[in-house]
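Asks: We have chain A; now place chain P onto it with these hints.
Chains A and P, in that order, are what the protein sequence lines are. Once you know that position 35 of the first sequence is 35 in this note's numbering, the rest is easy, because the numbers rise by one and skip nothing. Count along the second sequence from 1, add 1000, and you get the number used in this note's numbering.
Keep in mind that the hints were calculated from the coordinates and are not lab data. Positions of the beta carbon are idealized from the N, C-alpha and C atoms, including for glycine. Among the clues, some could well be false.
[Stated by the list, open to error] Heads up, incomplete: computed chain P residues facing chain A, CB under 10 Å, no partners named:
1. Val1004
2. Val1029
3. Ser1032
4. Gln1038
5. Gly1041
6. Thr1086
7. Lys1098
8. Ile1100
[Stated by the list, open to error] Distance windows between CB atoms, simulated:
9. P:Ser1082 - A:Leu39: 16 to 26 Å
10. A:Arg81 - P:Pro1014: 48 to 58 Å
11. P:Asp1078 - A:Thr100: 18 to 28 Å
12. P:Glu1045 - A:Pro55: 23 to 33 Å
13. A:Ser73 - P:Asp1027: 22 to 32 Å
14. P:Asp1055 - A:Gln80: 46 to 56 Å
15. A:Ser5 - P:Gln1080: 24 to 34 Å
16. P:Ser1026 - A:Thr100: 28 to 38 Å
17. A:Lys57 - P:Ser1020: 29 to 39 Å
What follows is each chain in one-letter form.
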Amino acid sequence: GAGVSQSPSNKVTEKGKDVELRCDPISGHTALYWYRQRLGQGLEFLIYFQGNSAPDKSGLPSDRFSAERTGESVSTLTIQRTQQEDSAVYLCASSLDRNTIYFGEGSWLTVV
Amino acid sequence: QKEVEQNSGPLSVPEGAIASLNCTYSDRVSQSFFWYRQYSGKSPELIMSIYSNGDKEDGRFTAQLNKASQYVSLLIRDSQPSDSATYLCAVEYSSASKIIFGSGTRLSIRP
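Just chain A, same shape as in the assembly (with noise of 0.2 Å):
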């Protein structure tokens, strides 16, 4: 596609619910990445991966947290027994040569 592409753009979810963000990254992207922002907050690092590399998975925050990426395709990003702290909006961008890196519209999440 033309950009990143995320979905759902918009999730609402009852506290202990499992989610599932998916990105879908510009085509021939070998970098991924994945942010979370809340609300009036800068980006918080969650994951990156690069092509066939083990991903970076530093920022997780727990093991609540997990991701995965079908080679240089498609991420999703899975939240486990969701809390209202995970309320955000979870930002995909992906990167051809590990510099500038496009960012899709994001999925915004709400826990209640």
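Replies: Just chain P now, with coordinates in the frame of chain A:
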């Protein structure tokens, strides 16, 4: 020490003046630096990237990098109301190849 630090603002600048945004970073071996603009409710968009010490100009924007001081800045000349946004500094951490963002500076251009 945070990896990338910015003054959260808000920074208020009169229309037509120069807005100066600053950022410091902790990784001495970082090689790539970026400024992103984020409007409320929107995703960040890249304004400028800079890789070498000195100044880099693009239209009304100038990025300045000083690796010795671990400092990068963004100047916006002839500020316009449409420049009102949050400006995010980002640094590629070469040791890990991940891009880390600062918390952003809110800029408000007053007419």
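Asks: Does each hint hold? Answer for all of them.
Replies: Hint check results:
1. For P:Val1004, the interface hint holds, since its Cβ comes within 10 Å of a Cβ in chain A; the closest pair sits about 9 Å apart.
2. Among the interface hints, the one on P:Val1029 is violated; its C-beta lies about 14 Å from the nearest C-beta in chain A, farther than the 10 Å criterion.
3. Nearest Cβ of chain A to the Cβ of P:Ser1032: about 5 Å, under the 10 Å cut. The hint holds.
4. Among the interface hints, the one on P:Gln1038 holds; its C-beta lies about 9 Å from the nearest C-beta in chain A, closer than the 10 Å criterion.
5. Residue-level restraint check for P:Gly1041 holds (minimum Cβ-Cβ distance to chain A is 9 Å; threshold 10 Å).
6. Annotation: interface hint on P:Thr1086 holds; nearest CB of chain A at approximately 8 Å, less than 10 Å.
7. This hint holds: P:Lys1098 has a C-beta 4 Å from the nearest C-beta of chain A, less than the 10 Å allowed.
8. The interface hint given for P:Ile1100 holds, since its Cβ lies 6 Å from the closest Cβ of chain A, which is under the 10 Å cut-off.
9. A hinted range of 16 to 26 Å for the beta carbons of P:Ser1082 and A:Leu39 is consistent with their spacing of about 23 Å.
10. A C-beta distance of roughly 50 Å is found between A:Arg81 and P:Pro1014, which places it inside the suggested range of 48 to 58 Å.
11. The beta-carbon spacing between P:Asp1078 and A:Thr100, approximately 25 Å, falls within the hinted interval of 18 to 28 Å.
12. For the pair P:Glu1045 and A:Pro55, the beta carbons lie near 25 Å from each other, so the given range of 23 to 33 Å is met.
13. The hinted range of 22 to 32 Å is satisfied by A:Ser73 and P:Asp1027, whose Cβ atoms lie roughly 30 Å apart.
14. The beta-carbon spacing between P:Asp1055 and A:Gln80, approximately 48 Å, falls within the hinted interval of 46 to 56 Å.
15. Between A:Ser5 and P:Gln1080 the Cβ separation comes to about 31 Å, which falls inside the hinted range of 24 to 34 Å.
16. For the pair P:Ser1026 and A:Thr100, the beta carbons lie near 22 Å from each other, so the given range of 28 to 38 Å is not met.
17. Checking the proposed 29 to 39 Å range against A:Lys57 and P:Ser1020 shows it holds: the Cβ atoms sit about 36 Å from each other.
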